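Asks: Model the placement of chain X on the given structure of chain B, informed by the hints.
Residue numbers (my numbering), protein chains in the order written: chain B, 2 to 397; chain X, 2 to 596.
Hints may contain errors.
[Claimed, not checked] From the structure, some residues in chain B lie toward chain X, with a derived Cβ separation under 7 Å:
{"#": "1", "residue": "Tyr28"}
{"#": "2", "residue": "Tyr210"}
{"#": "3", "residue": "Gln213"}
{"#": "4", "residue": "Ser233"}
{"#": "5", "residue": "Asp235"}
{"#": "6", "residue": "Asp237"}
{"#": "7", "residue": "Tyr256"}
{"#": "8", "residue": "Ile258"}
{"#": "9", "residue": "Ser259"}
{"#": "10", "residue": "Tyr280"}
{"#": "11", "residue": "Arg295"}
{"#": "12", "residue": "Glu330"}
{"#": "13", "residue": "Met387"}
{"#": "14", "residue": "Leu388"}
{"#": "15", "residue": "Gly389"}
{"#": "16", "residue": "Phe396"}
In case anyone wonders, no lab produced these hints; they're calculated from the structure.
Note that the structure is predicted; figures quoted are calculated from it, not measured.
Glycine included, C-beta positions come from ideal geometry on N, C-alpha and C.
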Amino acid sequence: MSIFPRKLLRPCWSAVTVIDRNQLALYLHIPFCRQKCSYCAFYSKIPEPDTVRHFLNRLSGELKFRAGDWQKPVTSIYFGGGTPSLLSPAALEKILQVIEENYRLAPDPEITLEVNPGDLQSEAVLEGWQEIGLNRISLGVQSLQQDELNLLGRSHSVSQARRSLTILAKTEFIYNVDLISALPGQQAEDHLQNLAEILQYRPRHISCYNLQLEPETPLADRMKKGLLPEISEDEDARGYQQTRQQLEKKSYQHYEISNFALPGFKCRHNLAYWEFRPYAGFGPAACSFNLRERRKNRASLRDYLADSPRQPGVPHEKSRLDQQELKAEYLLMGLRLLQGIDRRDFHSFFHQSLADCYSREIAGLKEEGFLAESGNKIFLTDQGIMLGNQVFQAFL
Amino acid sequence: MLADKIRNFCIIAHIDHGKSTLADRILEITHTIEDRKMQEQGLDNMDLERERGITIKAQAVSIDHKGYRLNLIDTPGHVDFSYEVSRSLAACEGALLVIDAAQGIEAQTVANIYLALEHDLEIIPVINKIDLPAADIIRVKEQLLERGIDPDEALLASAKEGTGVEEVLDAVIDRIPAPEAQSDEPLKALVFDSLYNSYQGVIAHIRVMTGSLSRGEEILLMASEKKYEVDEVGIFTPDMKPVSCLEAGEVGYLMAGIKNVRNCKVGDTITKMSSRAVQPLPGYKDVKPMVFSGLYPTDNSDYEILQEALEKLQLNDAAFTFENETSAALGFGFRCGFLGLLHMEIVQERLEREFDLELVITAPSVVYRVTTTEGETREIDNPAAFPEVNEIETITEPYVEATLNLPEDYIGSVMELCEQSRGKFQDMTYIDQDRVRLKYEMPMSEIITDFFNQLKSKSRGYATLDYEPLGYRESNLVKLDILVNKERVDALSVIVHRDRAEEIGRDLINRLKDIIPRKMFTVPLQAAIGSNIVARENIKARKKDVLQKCYGGDVSRKRKLLEKQKEGKKRMKQVGDVDIPQEAFTAVLERGDSD
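With the rest of the complex left out, here is chain B (with noise of 0.2 Å):
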C-alpha cells in the first residue's frame, strides 16, 4: 500500500490578493542523463548502477538532515533535473516516503515528474508512476521534427514522442509538453506546426520556451563558430505572438511569459519561484529560498557524493539577500506572471508600499507602454511581455 493515494490531482483556482507564503515546495535534482543535451546547462552525468545507489543515499541523507530547517506543509514536490525518469519507480517511491517521513505534508500536493519521452513508451510505465503517487508529468517533447531534435541532441525519437503522448492523452492523467521555439535557422511556422500537432492531444499545460544559448555548451560553441544558421529574434517574436493567439483560442491561459494552462492547471511547483514563495532544492546544484537567504548546492556531483563525517551537510554556497536585492528578485519573477504583482500583496511582505519604493520606475515604465495598472495589480502590457528584460532591470 504506497504512502501516497493513487490520485488524479484536482483543478485549483487561486485568485488572492496577498499570498499564502506558509507553504513549501520541494525540488529534487535528479543529476543523471543518459546524453547531454546539445543546449542545456543544467548539471548532469551518465548514469552508472553504484552511482545511482549512493546518490539516492546521500540525497535521502540531505532530505533528513536539512528537514528540521523547513517547517511549512509541502503543497508541492518535483522531480527535475538531469532526467529523472531514469529512475525506477521503488527508487522514486523511496524519496517520497523519506519526504513523508521528515516533512509535513499539506493534503493532496501536486507530485510531478519530468520525464524524457524515452522513458514512456508503454502503459505500463504510466501505471507504475501512477502507482507510487505521482500525479503530474512534464513530457521533455521539445520537437515534433526529428532534425531539430538532432540538432538539439536530444536522446529521444519524434516517434517516441508521438507514442508517450498517446499513452498520457489516453488517460486523464495530468501533463506538461515542454517545446523549444527559436532554433538556429528555425521560421516560425516550423515552431508553430510542433504546437499545432501538441493540440490534438490536449495537454493541461504547455511550456513554450525559446532557446537560450548558454556559454559553453556545445549549441553555443557551434552557434559561435558559425556553423549554425542565424537565429532570428523577428521570426522568435512572430513565432511568440501566433503561439500565444493560438493557444489562446483553444482555451489555454496565457499565465506567465513561457506557460500556458488550461483553466486549473497552472503548475502550482513553479508558481512557488514567481510568487515567491520558499523552496528548498535537493541534490547537486538544487536552489533553495527561504524568503531571505538564497542557497545552492554545489554543482558537482563527486562532492555531493563525497562523505565528510565532520559536516554531514552537501556542499552549498548561501548568499543573503539585502533589501534591495529581495525586492528586485521579487519584481522580476512576480511580473513573469501575466496577472502580475499585486500592490498589497509587496506590501505585506516587506512593509513598505511599492509606490515609496519603485514610483518613478513604474511611472516610466508605463509611459514607454511596457508596464499597465488595474485597481492594485501592475502587470506587463503585450509590449512588456515581448521585452520584459527592459522591464526587470529598470528595477536592479
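Replies: Relative to the frame of chain B, chain X by itself:
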C-alpha cells in the same frame, strides 16, 4: 668612474625574441637584482608594458661587473616612439642584437639594425633560444651574413636557461668601445627620458657626453631655456642611488625640482650656467602631437575626474596635449593630441585603469588647414568643427613620406594598400637580395586609420613603417556626417576624400548597423555630405528580449544576467534615444575593404 671602464649599450630585438629575458638574466648574474625581488621581467615597469610585451618608456640600469660599469638602456619599440628610440640609441656606444634561433631575423629587427648602424653603434649579434628544438643556428648565421654582419661574431645563448649570458657580458666589455669622454669640457648631457612622479618631480634620465655634473650646480636646459639647481644626481641600480657626481660617459639620473616634463624634454641638452656649452647636442626635436581625438566620460558626471586625470598624465608625458571641447552629442570632454595610434591607445588604457574611468574616444583626426571663402585660414583638428561646405575655399592636409621595408614577396599587396590609401609612389630600392624599401607620399590621415594593421596583415607582419612629415598639401576633402535617428551625431563625423566619400559612407553605415544595439523602434542611419544623403540603412526594432525559463529556481543567476545586460548599456553613450557603444566612434578606423 673612469670613462674607459664604462660601457653603454642597449638591446635590439623583435618582440618575443627574448630581450626582456636576456636583460633579466644579466641583472641576475651580475647580482644587480636579487632573485626574490625579480618580477617576471625586471625592466618593464608598467603593467601595460608587460601585458603588451612592449617597452613604452625607456628604462636604464647600471650594472657593476668585473670592474666595469655597464649601463643598459632599454628602448621603446614602436613607430609612434621612434624619436625616443633614436635618443636612447644616441646615449649608447653599442647594441646587443638578439635573434630568436628558431624564428630567425625578422622585419623589425632589420629596421632596428639600420637605426643602430646610423648611430654608429657597435653591434653584437646574440643568437638566443638555442635550447629550442627548432633552433637553426646555421640559418640565422646565413641571414646575418646577408645583412653584412660577420656571423663569426655572433654569440650563442639561451637566456631562459642562463647559458651564454656570461659570454655576452664579456663581449659587451671587450667589443663595445668605451665612451669618448672629455671631462674637462663644458657639460653636455643628453636627456633620453623624462619621468614625473608626485614626490620627486621630474626625474631626467641622462647620458653625460662631456663635462661633469654634481649636486648643487646650476643647470640650463638648452632647448626649453629653463634654469634649475640640481638637487640630486645618481645612477639606477636599478633603484635610484644618489652619487656625488656624474662624469662624462656615465648614465644616470638628475632631479632639480622640475615640475613638468615639458621643461625637460627628451632630446634636450643639459649644460651648466657656470660654463655653458656653445652648441647643444644634435638631434633634438620638439615632438608635436600628430593625431587628435575627443575623449569624453561615458558618464557626464565624471568630467572633473577626467580633467584631473589628464592633468596628471600630462605631467609625465610631454607629447600629450589636451584642451576643452564640447560635442552636441557627447557633452563636455577634451580634445587630446597624441603621437600616433599606439600612444592614443596607451593613454586611453591608462585612464581607464589607473583612474577607473569609462571613456568614449572619437576617431582620431589630423590637423587640417581650411581656408574659408572669406579668405581666413583655420587649423582644425576636429571634423565636427569643419565649416559648412559652401564656406570652404580650400582644404590642405598634412602629408608624410612613408618608408616601408618589406620582403619582395609582398610588394604587390602592399603597393595596392598604399594606392588605396591615396599614396603616391616615389621610389623602390633593394635593401638586399630579397628585401625592398618602398617610399610613398601619403596623407597622414590615411596612416592613422588602420593602415598599420593592414600593412602587417598584408605582409604577414614583415613590413615595417616609418614616416616623416612633408608639410601640407591641398586635397579634395569633404566632411562625411552620420545621422542616427535623423540626428547628426557630431562625434561620428569624419573627413574623407571626395572620390571615396560615398563608398566609405556606405561601408561605415553598414558596420554601425551591427554595432549600435537595436531599440524598441526602428532607427534610421544615414551618411550625408552637407545635406546630401549618400547612404542609408535601418537598425531594425527590437522585437523580443525576455529571459526564459527559471528551472530549479536559480533566481539570483537570472538577476545577475540582467544586471550584466544593464551594465553593458551603462557603458554606452546615450545620444538622443539611442545608446551608442564605444566601438561606433572608432568604426571609421576599420575600413571595410580590408580582407
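Asks: The structure should be examined with respect to each hint, and the outcome stated for every one.
Replies: Going through the hints against the structure:
1. Hint status for Tyr28/B: holds, given a least beta-carbon distance of 6 Å to chain X, under 7 Å.
2. Below 7 Å, beta-carbon pairs count as interface contacts, and Tyr210/B has one with chain X at about 5 Å; its hint therefore holds.
3. The beta carbon of Gln213/B is positioned within 7 Å of a beta carbon in chain X (closest approach about 5 Å), and the interface hint is therefore held.
4. Annotation: Ser233/B was flagged as interfacial toward chain X, and the flag is violated, the nearest CB pair being 9 Å apart, outside 7 Å.
5. Given hint, Asp235/B at the interface with chain X, holds; its Cβ is 6 Å from that chain's nearest Cβ, closer than 7 Å.
6. For Asp237/B, the shortest C-beta to C-beta distance to chain X is roughly 5 Å, which falls under 7 Å, so the interface hint holds.
7. Nearest Cβ of chain X to the Cβ of Tyr256/B: about 14 Å, over the 7 Å cut. The hint is violated.
8. Evaluation of the Ile258/B hint against chain X yields a held restraint, the C-beta minimum of about 6 Å falling below 7 Å.
9. With a least beta-carbon distance of about 6 Å to chain X, the hint placing Ser259/B at the interface is held under the 7 Å criterion.
10. A distance limit of 7 Å between C-beta atoms decides the matter here; for Tyr280/B the minimum to chain X is near 6 Å, and the interface restraint holds.
11. Because the beta carbon of Arg295/B sits about 5 Å from the nearest beta carbon in chain X, less than 7 Å, this interface hint is met.
12. The criterion of a C-beta within 7 Å of any C-beta in chain X is met by Glu330/B, whose closest approach is roughly 5 Å, and the hint holds.
13. Residue-level restraint check for Met387/B holds (minimum Cβ-Cβ distance to chain X is 5 Å; threshold 7 Å).
14. Hint status for Leu388/B relative to chain X: holds, with the closest Cβ pair at about 5 Å, below 7 Å.
15. Taken as an interface hint, Gly389/B checks out: its beta carbon lies about 3 Å from the nearest beta carbon of chain X, inside 7 Å.
16. Interface restraint check for Phe396/B: the shortest CB-CB distance to chain X comes to about 9 Å, outside 7 Å, so the restraint is violated.
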